[in-house]
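Chains A and B, in that order, give the protein sequences.
Under our numbering, think of the first position of the first sequence as 41, with each following residue one higher.
Under our numbering, think of the first position of the second sequence as 76, with each following residue one higher.
If you're looking for bench data, these hints aren't it; they were derived computationally from the structure.
Hints may be right or wrong, so weigh each one.
Derived pair list, reagent style DSBU-like, types lysine-lysine, alpha-carbon separation capped at 30 Å [as the list claims (entries may be wrong)]:
id, chain 1, residue 1, chain 2, residue 2
1, B, K110, A, K57
2, B, K168, A, K58
3, A, K143, A, K58
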Amino acid sequence: MNKKEVIVLQDLLGTNKKIAAEIRGELERRGILAVNLLSSPGAGKTALLEQIAMRLKTRAKMAVIEGDIETELDAERIRAKGVPAWQITTGGACHLEAKMIAKVLPGVDPDIDFLFIENVGNLVCPASYELGEHLRCVLLSTPEGDDKPKKYPKAFTTSDLLVLTKADLLPHLPFDVEKAKTEALELNPKLKIFVTSAVTGQGLDELLDYFWAMHQELQSSHA
Amino acid sequence: MHELSIVSSLFGTLLEKAREHNAGKITLVKLKVGKLSGVVPELLESAFDMYKKETIAENARLEIEEIPLKIRCRACGTETEITTYTFFCGSCKSPDLEILQGTELFLEKIELEIDEPSSP
Ligand SMILES: Nc1nc2c(ncn2[C@@H]2O[C@H](COP(=O)(O)OP(=O)(O)OP(=O)(O)O)[C@@H](O)[C@H]2O)c(=O)[nH]1
Ligand SMILES: [Mg+2]
Ligand SMILES: [Zn+2]
Chain A
41 MNKKEVIVLQ DLLGTNKKIA AEIRGELERR GILAVNLLSS PGAGKTALLE QIAMRLKTRA
101 KMAVIEGDIE TELDAERIRA KGVPAWQITT GGACHLEAKM IAKVLPGVDP DIDFLFIENV
161 GNLVCPASYE LGEHLRCVLL STPEGDDKPK KYPKAFTTSD LLVLTKADLL PHLPFDVEKA
221 KTEALELNPK LKIFVTSAVT GQGLDELLDY FWAMHQELQS SHA
Chain B
76 MHELSIVSSL FGTLLEKARE HNAGKITLVK LKVGKLSGVV PELLESAFDM YKKETIAENA
136 RLEIEEIPLK IRCRACGTET EITTYTFFCG SCKSPDLEIL QGTELFLEKI ELEIDEPSSP
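With the hints as constraints, model all of the structure from the sequences given.
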């Protein structure tokens with residue numbers, strides 16, 4: 041019996057990255073902008089998507105992929121707004137992986153403009169998995185507290201957008217918007233920040249304008 | 076706790092490599108884990124101990140090298156090690172940075188015990 045050392049140098053997330061790159065390529069060929077929404081449970085991802093669905097209806101076509109550990113509830117909420125939605129139930133896994141998206145993708149209408157992916161409610165694990173998205177969007181709801189960026193850095197360092205949700209509750213909470221913004225920008229100076237409320241509609245038009253501009257950019261660069 | 080799914084796919088690679096080299100045992104598994112890789116080394120260890128039972132890696136040692144987070148400033152060229160997750164150049168405070176290391180998560184090497192080919 042002899043001993044042997046084998047140098048492997050293999051990225052442990054390499055398979056996921058490869059599938060994600062294939063998904064991104066496929067979406068770009070179809071002119072679809074994909075957005076991956078990340079947050080802790082209950083920060084308001086589905087509520088934000090419901091609002092987006094209502095506002096986008098007249099000018100664009102969208103679809104939603106919902107990731108949850110169990111239930112079809114979130115997909116049903118989106119369908120109730122007249123938007124096609126696919127539910128991925130991970131059966132315990134705390135994050136979506138690119139291969140789960142790849143399975144659903146063939147069924148998604150190729151003529152849509154936007155694909156929104158709501159990740160499993162978890163501010164840690166989803167940050168390690170690319171899903172083929174063009175924009176990663178982390179949500180932080182005001183009741184969670186303004187210290188979250190520093191406590192969960194990876195979600196903030198890997199995102200393109202930060203949406204501070206439930207802004208309508210600010211009068212009742214000790215949440216310091218400027219502190220949250222400053223600390224998030226220290227983690228990621230390129231972060232675009234929006235302050236929104238699904239109740240009053242605050243900030244939603246600005247957010248949609250941004251998504252729309254990014255969609256135009258994607259289409260012109262892959263025309 | 077995505078460490079479990081990472082270790083589960085790691086075992087796919089380990090068993091494949093062992094087969095490739097006709098190894099009867101895996102004795103060492105060495106990983107490199109960046110500070111910004113998003114995984115917790117201790118959780119990788121517990122997941123590894125769980126998965127290795129009744130496999131050819133049953134007695135394997137898991138070695139994890141942690142890689143600090145280092146950036147280079149695109150404005151002034153200074154290299155800084157980031158320990159506080161404050162992403163500004165340590166010298167000129169520019170936010171225009173390039174990450175040099177610290178996001179990696181990879182299997183560096185393994186050590187195997189190769190069975191002698193049985194004599195005819
Ligand atoms: N006041 C207020 N409540 C909100 C807002 N957005 C969401 N909520 C409430 O917060 C709760 C959670 O919202 P969801 O949209 O289900 O949150 P989620 O992030 O999709 O939750 P999971 O999918 O379970 O992770 C619900 O009771 C919503 O009504 C908001 O802007 N203001
Ligand atoms: Mg939801
Ligand atoms: Zn500098």
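Against the structure, the hints come out as follows:
At most 30 Å may separate the alpha-carbon atoms for a hinted pair to count; K110/B and K57/A meet this at roughly 19 Å. Between K168/B and K58/A the CA atoms are separated by roughly 34 Å; this puts the pair beyond 30 Å, and the hint is violated. A threshold of 30 Å between alpha carbons decides the hint, and for K143/A with K58/A the separation of about 15 Å falls inside it, so the pair holds.
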